[in-house]
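Chemist: In order, the protein sequences belong to chains Z and X.
With positions in the first sequence counted from 1, the corresponding number in my numbering is that position plus 293.
With positions in the second sequence counted from 1, the corresponding number in my numbering is that position plus 3.
A few of these clues could be false.
Unchecked claim - No farther apart than 27 Å at their CA atoms in a straight line, the calculated lysine-lysine pairs in the DSSO-like style are these:
#1 539(X) to 361(X)
#2 295(Z) to 385(Z)
#3 555(X) to 441(Z)
#4 465(X) to 474(Z)
#5 474(Z) to 526(X)
#6 539(X) to 526(X)
#7 127(X) to 187(X)
#8 412(Z) to 555(X)
#9 528(X) to 474(Z)
#10 481(Z) to 523(X)
#11 441(Z) to 528(X)
#12 526(X) to 546(X)
#13 363(X) to 540(X)
#14 523(X) to 474(Z)
#15 414(Z) to 555(X)
#16 363(X) to 577(X)
#17 523(X) to 555(X)
#18 468(Z) to 539(X)
#19 523(X) to 441(Z)
#20 577(X) to 555(X)
#21 441(Z) to 526(X)
#22 127(X) to 295(Z)
#23 297(Z) to 5(X)
#24 468(Z) to 465(X)
#25 468(Z) to 577(X)
#26 351(Z) to 546(X)
Derived by calculation from the structure, the hints in this document are not laboratory data.
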Amino acid sequence: MKTKSIMIVGVGGQGSLLAGRLLGCLLMNCGYDVKVSEVHGMSQRGGSVVTYVRYGGKVRSPVIDEGGADFIVSFELLEAARWLGCLAPGGKVIANTQRIDPMPVVTGAAEYPSGLAEKLKAALPGPPGASADTIDALSLAVEAGSSKAVNIVLMGRLSRYFADIPEDAWLRALKETVPAKTLDTNTKAFSLGRGCEAAPA
Amino acid sequence: MKTLMLGNNAVARGLYEAGVGAASSYPGTPSTEITEALAEYGDVYSEWAPNEKVALETAFGASLGGRRAFCGMKHVGLNVAADPLFTISYTGVRAGLVIAVADDPGMHSSQNEQDSRHYAAAAKLPMLEPADSGECYEFAKYAFELSETFDAPVLLRVCTRTAHSQSVVDAGERVLPELIPYEKDIAKYVMMPGNAKRRHPVVEERVRRLAALAETSPLNRVEPGARRDIGVITSGAPYQYVKEACGDDISVLKLGIVHPLPEKLIRDFAARFTDGVIVIEELDPVIENHCRVLGIPARGKALFPVCGEFSQNLISRALGYDTPAAPELPPWLADLPGRPPIMCAGCPHRGMFYSLAKNKITVLGDIGCYTLGAAAPLGAIDTTICMGASVSGLHGFTHAEGNKAAGRSVCVIGDSTFMHSGVTGLINIAYNGGSSTVIILDNSITGMTGHQQNPTTGFNIKGDPAGKIDLEALCRAVGISRVRVVDPYSIAECDNAVAEEIAAPGPSVIISRRPCALLKTVKPKPPLRVDPGKCKKCKSCMKIGCPAVSMKDGGAEIDATLCVGCGVCTQLCKFDAFEAPGAQRRAAL
């Protein structure tokens, strides 16, 4: 099969590494060849971070380029916009509506774009088929028991697009990747994400 | 058993199975996880050394003592370890010695983009370069065999994309070789001129034998493709991009041994194509230049950049293949606010940096999280060069105009960086009668690389209690009589200490001490609150660049998920708008 690409983008410290590892574990358990490319070090400190997950019969490059992402899962709205150029034709965006101001916005040197969720949907590149789900993952994570579970809420939402991977496989991968003491919260976060409805386009 | 493994963990697994007995390293992105993973294996002696030179010498000692040994570092770490490297190339090893060096094309977390392959050539050592985790594992294992067969330390070069990408590894079992008993051999190991003169030809002959190995080694392989006009020579991460971009259309000579490079293999490969070969390598044209010296028609840097990382699209476009393009997007998307890395909420460096910036002090900086003090709005750092350069640089800086600058300049260096190579600069200041003010930003951990222990923390790599260097005593011992400790959560304390020490004759050390806010042992205080009735929107609190404080329409706001209650913002507010819920406000603030 052709290699598929999932980009996880967000702000350093939001748990994109764990989400990448969850997907890696899941897709490997499902029998795919997998590569996951992570970012460590300086850019982790509150900067814009991106994790690449690629899977298929035989995966070569660990990175995703312009026009290459079948999915962009964004933990923060501005980051979804930043990486939109990587979306493949017909690709899907799943974005947390949470706003985290970058330092240039905090200091007043730049403005956070207003009405970003709507603008993002309007900006989806052609041809038709691309879509953007915007969900309030932070509220769902808090409902699950921890604001830190945003990453797993979004993985729950992403799981809906994988018709051939049963929920059990996701839950097994979750169990294999998250710390044992957070499993209950994360399982709940996953279910809330999987069951939630996105804001209408 | 097949598992998904980070390239660095795969290197560690390979080393482990090959029976590595001792590992000494200094952390540095993107190399750190190799040694961390080794430390997880119970039966490998592992340690963080104060710097890469010490680490490599320690690893060499273990090899001399008969145990397979390892030393890991980032590319700039090899500059520090270069001194022993060039001479243990002469002595050779006893048990195998593998040195992993992690390059960082694209500078994700580095101050330069140097290409470590030059060191392999300069030190005349074999260098292997894996292209994914599977090869990280296999090459690391093989490196020990190669090291012992050729009596040479072996360099294993990874880069960010191999080190920090996970792919599938089929791991096996550990086989621990017998200890090779130490034997005294003065002619081989005492590198005084008479002996070194006899060792140098041995090194040259070893390079010739390694080059012969490179002709036939399975690590260098040809993957045939359809095209007859051009072929590609590549290695490491770029190999993956080439395969992604070109599939089986182009023949590829994939090099796993990047020093020494084969001659006949390349010549024979190039002869198959009507228009010669294209060399696809990140950073410097090392393989390309080798081809040119051999008179082989090769193109490389005419088509591909020297700077930055490659990708499949970059290669596909340069070779004229159909390349996915960035989709048509509205122009506002090109104008989004950037999101640079920042100091964390509650970072203990923030208070000191605010004080230095406010007082317009020239600040020679160093390598670590605190480099981020150069970012807006603090803009508190004037230079960043390399580990330790702040201390020695300040000494020179103060002498540029007859010591006048000592009254308005300081340097800042972290606890781990100070132990790495700051203390030698301090010795220079004390010895040569300087009057610099050195600020040690002691956050009780090696922060930027992800919380590694160091000689000042009191714990070793496994988290067990260990020797703890007393920074105050150390500074006094080298001859600094003015040594004081401040709490950087208090801006007034920082202001006073800096003002007094830069004014004082003679050298001073200020230890700005407060553990990293991200340490598990540091319990955050409850988040502060803003009283909207008191906030006058004067934006004074925005000068510290804390991600937990922002200015909204109604005035300052605290992000309760980020705020750790450090209280630095409180000290900037003239209107008492910040409140610590449930806690008695500290009068000193």
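Chemist: CA of residue 441(Z) to CA of residue 526(X), is that 27 Å or under?
Modeler: holds, 17 Å
Chemist: Tell me if the straight-line CA distance from residue 297(Z) to residue 5(X) falls inside 27 Å.
Modeler: holds, 21 Å
Chemist: Regarding the pair residue 539(X) and residue 361(X), is the alpha-carbon distance no greater than 27 Å?
Modeler: holds, 21 Å
Chemist: Holds or violated: residue 351(Z) with residue 546(X), Cα cutoff 27 Å?
Modeler: violated, 51 Å
Chemist: Holds or violated: residue 555(X) with residue 441(Z), Cα cutoff 27 Å?
Modeler: holds, 24 Å
Chemist: Verify the proposed pairing of residue 523(X) with residue 555(X), using a straight-line Cα cut of 27 Å.
Modeler: violated, 31 Å
Chemist: Taken at face value, is the distance from the CA of residue 523(X) to the CA of residue 481(Z) at most 27 Å?
Modeler: This hinted pair holds, its Cα atoms lying about 25 Å apart.
Chemist: Taken at face value, is the distance from the CA of residue 474(Z) to the CA of residue 523(X) at most 27 Å?
Modeler: holds, 16 Å
Chemist: Below or equal to 27 Å on CA atoms is what counts here, so check residue 295(Z) against residue 385(Z).
Modeler: holds, 17 Å
Chemist: Does residue 539(X) lie within 27 Å of residue 468(Z) when you go C-alpha to C-alpha?
Modeler: violated, 49 Å
Chemist: Given the hint that residue 577(X) pairs with residue 555(X), test it: the Cα-Cα distance must not exceed 27 Å.
Modeler: Holds. Residue 577(X) to residue 555(X) sits at ~18 Å (cutoff 27 Å).
Chemist: Does residue 546(X) sit within 27 Å of residue 526(X), going by the straight-line distance between their CA atoms?
Modeler: Holds - the C-alpha atoms of residue 546(X) and residue 526(X) are around 25 Å apart, at most 27 Å.
When the structure is compared with the earlier hints, violations turn up for hints 6, 17, 18, 22, 25, 26 and for no others.
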